[in-house]
Amino acid sequence: MSKCDIRITFDKPDRKYTGGDVVSGEVHVTVNQDIRCNGIVLSHYWRTHGRGNTDQGEHREVRLCGIQPLQAGEELHLPFEFTAERWPLTYHGHYINVDHYVHVAVDVPWAIDPKQVEEYILIAGERPPEISGARGEVVEFSKPTNEASGIGKWILYGILSVFAIIFGILFFFLIPVFLVIGGLVWGWNILIASRVGEVELRTPHLVVGPNEMWPLTLSFTPKKSFAVNGITVRIFARESATSGSGTDKTTSHHTLHDEVATLHPAGMLMAGENFSEQFEFELPDTQAWSLDESDNDIKWWAELRIDIPRFPDWNKRVDLQMIPLEFLNEAVMPDAEPRAAHGEKRRSQDSGSRIAAAPEPPPLTDSWEEDSDGPGSDALLTLVAEIRKAGRFGNERSEMVNSAAGDAFDVSVVISRTSPTFGFVGDDQRFEHGKTVIGTLRDSDQEVQLFTVGATNDDVENVARGEAYETLATVKGWDSLYDRLVLHEVPID
Amino acid sequence: MPANSALNQLPYAHLNLRHNPFGELSREELASLAEVDVESIVARLSVDRFAVQFVGEKGYGKTTHLLAIKARFAEAGYVHIPEGETAVLPGGRPTMIDEAQRLTLWQRFQLFRAAVPLVLGTHRDFSAELRRAGRTVETIEVEQRTDVHRLCRLLNARVEHVRRGAGLVPIVTMETATRLRREFGSNIRAMLHQMYVAFQELSEVRDV
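Chains D and U are the protein sequences, given in the same order. According to the working numbering, the first sequence holds residues 1 to 493 in order. According to the working numbering, the second sequence holds residues 494 to 701 in order.
Simulated from the structure, these hints should not be mistaken for lab results. Note that the Cβ used here is the ideal one computed from N, Cα and C, for glycine as well. A portion of the hints provided could be inaccurate.
Stated by the list, open to error - Partial list, computed: chain D residues near chain U (C-beta under 8 Å):
(1) Asn-53
(2) Ser-243
(3) Ser-245
Stated by the list, open to error - Listing some non-contacts, in silico: residues in chain U with all C-beta distances to chain D over 12 Å:
(4) Glu-568
(5) Arg-625
(6) Ile-664
Only chain D is shown next, with the shape it has when bound in the complex (with noise of 0.2 Å):
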């Protein structure tokens, strides 16, 4: 029998926390024989538990009563509270588990302390002070640091620097090496330049939440005109646990999310025809929160591929930092569909589709030239004939929109939905924080698809789904994705 038994018991029954959340309960002791106790500390702190090395925060401690005697069949009843942490949470996963202990120790002196440990969930509550609401960037979570201080942090030092000056001996030795491997990177570089120019990929959120719609902008002049498998996402999260170290290190991974879908299908792309669209996906619901510890890594990514045949694709790969959308300043806004451009999804370890289907271009019909009564809209119907009937792989079509360009147009469009404009590609900067409006000329089937200044914002979120949204707008290209107009309201200054 040991010297005393301990229970903890949280006020919550289900032990279900929000970060920032005060933590409570009771410790209860029950003492079995005649001791002298040093205290009785409770600690609490995350730690993590499965496949890898455990990795853990910093540990907490709240002392709950000091030295004093305990006799056999003595109870302590002792409240404990705190404050719950903000962050990393509660996390179950195959290789990676995340949770948060409550740890009470009775300190025996020159014996094996009693202890109990139990866990409680921690569920997204306050923000943790590392995330600002901003999401351009990946947040890095402070972790507790093991600082060198004194004559050791000098030691360090000196190693370091020894280091330092056999890399630099060995490094001049290698620089030829370098020189061919940067040559070949440079070379394979201007190989795919050569055909897709230069690329332009804009992904303003890094830090992102479930179930919300992730914007990209994939902008490209061709170079030479070519054919592709594809142009293609895919988005990843995974889980990385090492365990052991030196030559017994293991690394274990386990797929969370594996979804490719394609932002444009199969088929050519012409030279000096301009490639630039805007695609928004839907990420999938998840609680698999990025984590970044030195044995256990949860991380989440998009790879961008540019898919030639017989010749080297292009590829980028984005970083992205899933957090719950609690954290997030932004609303996610309701009504967003998304925009994904032919949601077709190759390959997903989830039964459910995550990006939704495309709204296919409505068909054009043959009565939209007597019911058009707007002159605006008149003139631009007519465009439209035109472009439709022109070659599709020619620069016919590029031609009718140029000889368009600059000419303002009555138009009314009515609204099917509208998001705010990420990664505006153009130089006027009024339309960076514009809206963007995907609808249809009014009396007409015909969509397009509208740029905003962000001067008229509130006017434009006046208007509701399925109403008309009236302005001068200038004709700026020809979607033939969507078989759509790309229009630019003409700023009122």
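Given the coordinates of chain D, assemble chain U onto it according to the supplied hints.
Below, chain U alone, put in the same frame as chain D:
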């Protein structure tokens, strides 16, 4: 266990456990769970010139044997030498070196001639060198020490170690232990990995 169950229950509560029993353990936990017979060795470690070496590949239980012996000697000095590093030789009786193949030549010279009993965990057989240093040597091939009954006890000891409360917990059967022995030989680490996955997939308490 589904990855999204975090908010619904305490970890592994559906199995009446606190962790997956076959996850990574701390050295202290490993020592407390060591299911190895070291009695005959312990008795001989009072002799200064005695040395025992546990020889075997990684994952076969060398460290577990060393930690089990360490737990029997309050004055033992133990060090594990990480890859690519050197370590300061510990004092203590016995002196215990894990990954002894990473000792420098000079360290071996000093240590093997010192008047303290020695316990080595090593990939390399040092018996000739130890004898030249005047020691009595016992070499134990750890691969030979994993019989099915011991293996079954070891696996179930891990399950008991993470028991959440009174009541049933999953039990690893002799049939499973036999199959693991047949499939993986003496490679305990490979067996633990397979058992980890098996316990991840358990949705309720039952024999494995």
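Evaluation of the provided hints:
Evaluation of the D:Asn-53 hint against chain U yields a held restraint, the C-beta minimum of about 5 Å falling below 8 Å. Taking 8 Å as the C-beta cut-off, the interface hint given for D:Ser-243 holds, the closest approach to chain U being about 5 Å. Interface hint status for D:Ser-245: upheld, as the beta-carbon distance to the closest one in chain U is roughly 6 Å, under 8 Å. With a cut of 12 Å on Cβ distances, U:Glu-568 stays outside the contact zone with chain D, its closest approach being about 17 Å.
Even its closest Cβ contact with chain D, about 27 Å, leaves U:Arg-625 beyond 12 Å, as expected for a residue assigned away from the interface. Distance check for U:Ile-664 against chain D: the nearest CB is about 21 Å away, which clears 12 Å, and the non-interface claim stands.
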